[in-house]
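Engineer: For the record, the sequence lines run as chains X and Y.
Residue numbers for the first sequence follow the working numbering, beginning at -15 and rising by one.
Residue numbers for the second sequence follow the working numbering, beginning at -15 and rising by one.
The hints are simulated quantities; they were obtained by calculation from the structure and are not laboratory data.
One should not assume that every hint holds.
As the list claims (entries may be wrong) - Each pair of labels, with its calculated beta carbon distance range:
1. Y:E167 <-> X:D312: 38 to 44 Å
2. X:G164 <-> Y:R100: 19 to 25 Å
3. X:G118 <-> Y:K182: 38 to 44 Å
4. X:V245 <-> Y:E117: 27 to 33 Å
5. Y:E117 <-> X:E26: 31 to 37 Å
6. Y:S38 <-> X:K132: 55 to 61 Å
7. X:A55 <-> Y:L242: 52 to 58 Å
8. X:G164 <-> Y:G307: 28 to 34 Å
9. X:K285 <-> Y:F96: 36 to 42 Å
10. X:P238 <-> Y:F96: 35 to 41 Å
11. X:R236 <-> Y:R100: 20 to 26 Å
12. Y:G307 <-> X:E154: 55 to 61 Å
13. X:D130 <-> Y:E77: 46 to 52 Å
14. Y:L239 <-> X:E134: 33 to 39 Å
Glycine residues also receive a C-beta, built at the ideal position from the N, C-alpha and C atoms.
There are 2 protein chains.
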Amino acid sequence: MRIVLDAMGGDDAPEVTVEGGVWAAREYGIEVVMVGRQDVLEAELARHETSGLSLSVVHASQVLEMEDEPASAAKTKRDCSMAVGMDLVKRGEAEGFYSAGNSGGVMAVALFHLGRIKGTKRPALTAAYPTREGLCVVLDAGANTDCKPEWLLQFGIMGSTYAEKALGIENPRVGIVSNGEEEGKGSTLVKEAYKLLKASRLNFVGNVEGKDIPMGLADVVVTDGFTGNVIIKLSEGLSKFLLGIVRDEITRTPLTALGGVLIKPAFARARKVLDHSEVGGVPLLGVDGVVIVGHGRSDAKAIRNGIGVARLAVEGGMLQAIGERLTDLGL
Amino acid sequence: MRIVLDAMGGDDAPEVTVEGGVWAAREYGIEVVMVGRQDVLEAELARHETSGLSLSVVHASQVLEMEDEPASAAKTKRDCSMAVGMDLVKRGEAEGFYSAGNSGGVMAVALFHLGRIKGTKRPALTAAYPTREGLCVVLDAGANTDCKPEWLLQFGIMGSTYAEKALGIENPRVGIVSNGEEEGKGSTLVKEAYKLLKASRLNFVGNVEGKDIPMGLADVVVTDGFTGNVIIKLSEGLSKFLLGIVRDEITRTPLTALGGVLIKPAFARARKVLDHSEVGGVPLLGVDGVVIVGHGRSDAKAIRNGIGVARLAVEGGMLQAIGERLTDLGL
Chain X
-15 MRIVLDAMGG DDAPEVTVEG GVWAAREYGI EVVMVGRQDV LEAELARHET
35 SGLSLSVVHA SQVLEMEDEP ASAAKTKRDC SMAVGMDLVK RGEAEGFYSA
85 GNSGGVMAVA LFHLGRIKGT KRPALTAAYP TREGLCVVLD AGANTDCKPE
135 WLLQFGIMGS TYAEKALGIE NPRVGIVSNG EEEGKGSTLV KEAYKLLKAS
185 RLNFVGNVEG KDIPMGLADV VVTDGFTGNV IIKLSEGLSK FLLGIVRDEI
235 TRTPLTALGG VLIKPAFARA RKVLDHSEVG GVPLLGVDGV VIVGHGRSDA
285 KAIRNGIGVA RLAVEGGMLQ AIGERLTDLG L
Chain Y
-15 MRIVLDAMGG DDAPEVTVEG GVWAAREYGI EVVMVGRQDV LEAELARHET
35 SGLSLSVVHA SQVLEMEDEP ASAAKTKRDC SMAVGMDLVK RGEAEGFYSA
85 GNSGGVMAVA LFHLGRIKGT KRPALTAAYP TREGLCVVLD AGANTDCKPE
135 WLLQFGIMGS TYAEKALGIE NPRVGIVSNG EEEGKGSTLV KEAYKLLKAS
185 RLNFVGNVEG KDIPMGLADV VVTDGFTGNV IIKLSEGLSK FLLGIVRDEI
235 TRTPLTALGG VLIKPAFARA RKVLDHSEVG GVPLLGVDGV VIVGHGRSDA
285 KAIRNGIGVA RLAVEGGMLQ AIGERLTDLG L
């Protein structure tokens, strides 16, 4: 299997991307195709022990930067590493693509170079959300601000297929974010989407309230990209805030400070639950290719794990399954 | 000053409501008018030392229960404690009203018995959200699921006036929840409301992302009732989840468990930051009367504090100021 790594994407690229790519090739026994400035990548690669590994470099003269406006950069930077990498997937020269770069950029370039899966109304960004039960998939996590009910149904189908085929969750429980548990609660959008989800073949568990998400009441949490973005960013900010208060309070007296030293490993494990680098990446669903997006602040382990996500999605036949299920429902 | 206490509202009414009411009368030197079943309330009152306090009981034969469907109960239970209490405010026999009962019920009864402030499109529920800077006011916290841009402008005006007049925050910073910081980010609703807020006399600080709310980047956070509900409930669930993980991890080894014992006071203080009973109550804004709503799980201290919020809102002249500002803007 060949997975493309956008070696120029991410805050600490290409150092950590190359390191993560080498690690992934070793760990998973797959070929990692690094795309970016050839001289830069070869210099980075020379710093690693790579004998026996399947690694290759494909040159791309441009980089879609974090600051770039996605839609216009996707048009003007035709030779950026994302575009060159996705073209490899398009031509069948690789099976999956991973980038920790500008996620709006990945979306724009993917729409341009890979297009949508037949039948898909809108692609969705997903997020891996830590819960008491493990992880749930939240989508749309920010790609589509204003949504239509049928799009939310499709997000449910795509998210459920990803959870099943790449994460190995059998018959994933699909819920829709609402402002009340009972059927009939919700905005006009949610009430309409509820009906479509209920009538589908999905394992639809109904409305989930905000508090139900961290409790793990659903494996796939469907919402519009506006609400999804608020959910993800609020959770990020609140986690930081809460762990910050506990930390501040602990340092207030010598006795609690001593306690703080003793619980350090517990704190570290708690943080690990919330650590995005454990996940590595999440799929852009609805585009016609396996495209996995990582966090801009990814370290080498996150890059390795993100490539691992691409590998699982390819192995599970996620793309084909999504196409079949969307067609199956006549959408 | 006379504040009405819905003595039948709340999970532990009338025990804790009466206790909290007595406490408020003593603490603030105001008259507390307890509304509910006269015999029940007098029996409760007899258990407290009340000499020298301004306390009175007004009989109401019915109770709007937690399980009641708000709109229909507001119509059928004309003699419930909420209705009788608000009628006292309506007739000028009391200046403010507090209830820890069914908050949808309080809203429905208030619309029925007090009506809206002239010019108000929709009343809003508020929430007091703990931040790094103290507290911010989030509204609408759940009353209006689908909103119009002008309603969000009004929420900003009402929330800002409450923050200034009752919470003593000078020139409150008003932000609108969006899925990006920059102007131009947001749903159609948010983009339209942004323009109105920017053109108003409010101290509008622009878009706030989910992560900015706990950081305290705004004193007043404007949003529709759907998103507001998700924000509040997600924060509740996530706080429980996070503190739960830390607690679980702490009990895993004897050393961390010892550390856990030592940091107990720090944990207690951290929890205090998040404790709704410290706030006691939040206003229902837009109805023609000072109406404060408390959490169903309120204890006596929360009831006391909630009555204190009503007192501050009355003292600050919040209601009149809202009326003037809404008119001023020609809405």
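Engineer: So, against the hints stated earlier in the document, which numbers end up violated here?
Structural biologist: Hint check: 5, 9, 10, 11, 14 fail, others pass.
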